[in-house]
Amino acid sequence: MASLSYEQGAHLLRRAGFGGTPEEIDNLSTRGREGAVDYLINFNQIDNSAMESLLASSFDFSSQGDITNGEIRRWWFTRMVATKRQLQEKMTLFWHNHFATSSSKVQDVFMYNQNNVLRQYAFDRFDTLLLRVSQDPAMLIWLDNITNVLGRPNENFAREIQELFTMGINDVVTGQQNYTEEDVKEVARAFTGWNYRRQPPFPFQINASQHDNGTKTIFGQQSNFSGEDVITILAAKPATARYLTWKLFNFFVYPVTNSSADKATIDTFSKVYLNNDHSIKELVRAIFTSDEFFSERALFSLIKQPVEYTVGSIRMLGGTYNPGTNPRGSNTLAQSSRNMGQDLFGPPDVAGWEFNLGWINTASMLERYNFANTYLSNRNTNNPGVFVTNDQLKSITKAASKKTVKKFLARLGPLSVGEALGTLRTYLETGDNGQPVVYVNDDATVDKKIRGLVHQIMSLPEYQLN
Amino acid sequence: MPTTRRQFIKRGVGAVSVSLVMPRIWLSEARAQDIAAFDSRKFVVIQLGGGNDGLNTVIPYTNARYASLRPVLSFDEAELKDAQGHSTIISNELGFHPVMGEFKSLFDAGKVAIVNGVGYPNQSTSHFLGTDIWMTANTNGGSGNGWLGKYADQVYVGKSSLSAINIGGTLPKAFFSDKFVVPTISNFATYTFQTDSRFAGDRNNQLNTFRANNNRALAPGSFAGALADTGIEAVDGAGALTAAIANYNSTVTYPANNSLGNALRMVAQTMTTIPDNNLGYVSLGGFDDHSAQIGSAQDPTNKLIGSHATLLMNFSQAVKAFLDDMDAHGIRDVVIMVFSEFGRRPNENASRGSDHGRAAPMFVLGNPVHGGLYGQYPSLEATALDSAGNLKENIDFRQVYATILDKWLGADSRSILGASYENLGFLN
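Residue numbers (the numbering used here), protein chains in the order written: chain W, 1 to 466; chain D, 1 to 428.
One chain only, chain W, in its complex shape (with noise of 0.2 Å):
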């Protein structure tokens, strides 16, 4: 068995999971490489009353009137910030991304409703989540499905589920087309009359009259393919496999390249997923367990998604998100995570979020620095929103001022940052005047340069990176 350092204990936390303190990181590399993603990926076994509690006593959603947009917003993030089951949330939003729909035409209940679906097929068989996702409302109504029917296809299902859904337009490890526009409109066919009854818990039906009964040509095989056929057969594809392992590498890994190198890893964990019966889990499992996953290349690869930054600085440090009650509830973590780019249950388009670089903008940039700042600078620790104590912070300083800015470092990812460790350390020696001052972890500094470090460590570059 593989043994798990502290770092790659705060690698793994950071990328299944939104990172975590020195006990959670620590209770990672005690048990392994193996042991820490068992304990990752078989989260049913942890103990999540906590979360629960906090979200009884927060939400309730006991009317669909309740389930508006702010309030889901607000539901979700409070579930990223609280859980122990940090990879449920975090495969929650892959799915997200990967399912890409948005309120922006989707009722919030529905909206609300995939989420959970997501949530709770996230590790089943891919053919199994594929088919819960399509059948459900939010797809149906996003993708125009309920409006497809016999004799008038409507192709926007047919395409996606084809595009982005399992195979891709070519084939990421061949580069072979896997689909023709003939395809697209055979496919439409098959989900014609796919609809949900209208009354709560509105669930799927097919409209028998509406659906398209005729033999279809898909994949140059022709039958009666039902739509059930169809998402089977996608699932089943080898190309399906390759995408997807595809999309978790560039998600939970590092950026994958066109070289054949990263074809060849690409294509060979693609096989877990053929030889395991189509299982997400194994497949999550064999890459977290992979020396690619720890390997150089890897870490601090990819650049965090808003919605790491924001519930990664609040986990790692210690900090508090109070969610509040509805209607005085903070969706601080929401409307920022937005600003920078990441709105979730709105992405921007089918295709979901531009990882790494489509992150990065002046304006997404300010965004980040000045979250920083309204976390850093909130002392109200009585009201709804994102702070973290003096008591807290102050328990991370040190006497000196060098071994304080490492302790955050180390603290904040751990980072390694160059010569910007003696630019923070003259930060903390510095008074108002621009003249030295003598470094003292008193409360008066504190209250002052130690919110400010923690908000100039939140603004390095090599914070910005996961």
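Just so you know, the hints here were simulated from the structure itself, not pulled from any lab data.
Wrong hints could be hidden among the right ones.
[Stated by the list, open to error] Here chain W is said to cover these stretches of chain D; the calculated rule only asks that three of the stretch's residues, wherever they fall, bring their Cβ under 8 Å from a Cβ of chain W: (1) 87 to 99; (2) 182 to 190.
[What the hints assert, rightly or not] With a straight-line cut-off of 20 Å between C-alpha atoms, the simulated SDA-like cross-links for lysine to any residue are: (3) K105/W / T310/D; (4) K394/W / D196/D; (5) K271/W / T217/W; (6) K185/W / K392/D; (7) K263/W / D196/D.
[What the hints assert, rightly or not] Derived, one-sided and incomplete: chain W residues facing chain D with beta-carbon distance under 10 Å: (8) V149; (9) E182; (10) L302; (11) D391; (12) Y427; (13) H455.
Owing to the predicted nature of the structure, the values given are computational and were not obtained by experimental measurement.
Ideal Cβ placement from N, Cα and C applies to all residues, glycine included.
Guided by the hints, dock chain D onto chain W, whose structure is given.
Leaving out everything else, chain D in the frame of chain W:
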């Protein structure tokens, strides 16, 4: 990171006007005027995201095939009248959607070039690949830097960091570049580096620390380098921008509840107050009209309502207000280019909508533009459509780019587009 831009950034915005004036000392007067002319030329790109239905934007109202392929969606001659009852017909064959009255007035004034039948060979019907292709002008996979990013790298490095501005939440791939970072702004009010208000005396320390940390020499081409460069650009550019746009005043009323109008007003704010801000980019999404392109649940066949009519009305009103605003500020050298990743299929679907298509019209407009019709409207005959029933292109979109790059922006289009494309004549 190239030191040129860093040095420039450190000089701040005050030095910008100097850098533009100084070279004239060494130039002939004619050449200096030439450069001055390019330096004052404005170019604005409007992206219509989702695939605009070209057939219901520039409408072939006399075409029997158009009517028969679109029994629900099509407009006939009598329907091409705007809210004031003015005709939106522009030729014996074509008319604008009736919600585009303002746009029709710009066309009548000779300011709108309609380039019909624009696309490229084997045009992608994927939103994402299609958009990447338009943004990069690379029809082979849509990878690489953006066409405007390449232009910015050639022309703006060493000039004002506010030479080009993108309005919106994300930076479009069109601006992906090696050197020049294009600022992206969604809200002027929050476009600033905030520090702890309890300790105002520490703000300078904060800014100095930030600059020192983000001005470090980080690996060129790395994410860390890009993050640091963008961060510096943001923090330093924000101060200059905030100071400049405070001087904006306008007599023009922009349409209410119109996100494109809001974005174009922001472009007007920067272009009228920052002389070196010459390139703007805005986008309006929602054109993916697979369903309810026309009508509402209560009034399903009303073609003057529904998603497409609302979008085109917002577009028409916003563009008119923006050009009026620029005119009112005495800035007449403005060219706007309008594009979408693809058009929509002639044959409508059963959802009162249309599926992904191919060729569609583009617009290039402004005072300097020779208005009129360019390119051939694609045939709707069954034999002329592609195998999926989509319109074929007659004009390559890179011809439009090349015309603008060569004739308006004073660039060498070949070096940006990788090949020479025939100019189309809508600009001298």
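Here is how each hint holds up against the structure:
no.: 1; hint: 87 to 99; verdict: violated (count 0)
no.: 2; hint: 182 to 190; verdict: holds (count 7)
no.: 3; hint: K105/W / T310/D; verdict: holds (15 Å)
no.: 4; hint: K394/W / D196/D; verdict: holds (18 Å)
no.: 5; hint: K271/W / T217/W; verdict: violated (28 Å)
no.: 6; hint: K185/W / K392/D; verdict: holds (19 Å)
no.: 7; hint: K263/W / D196/D; verdict: violated (48 Å)
no.: 8; hint: V149; verdict: holds (5 Å)
no.: 9; hint: E182; verdict: holds (8 Å)
no.: 10; hint: L302; verdict: holds (8 Å)
no.: 11; hint: D391; verdict: violated (18 Å)
no.: 12; hint: Y427; verdict: holds (4 Å)
no.: 13; hint: H455; verdict: holds (7 Å)
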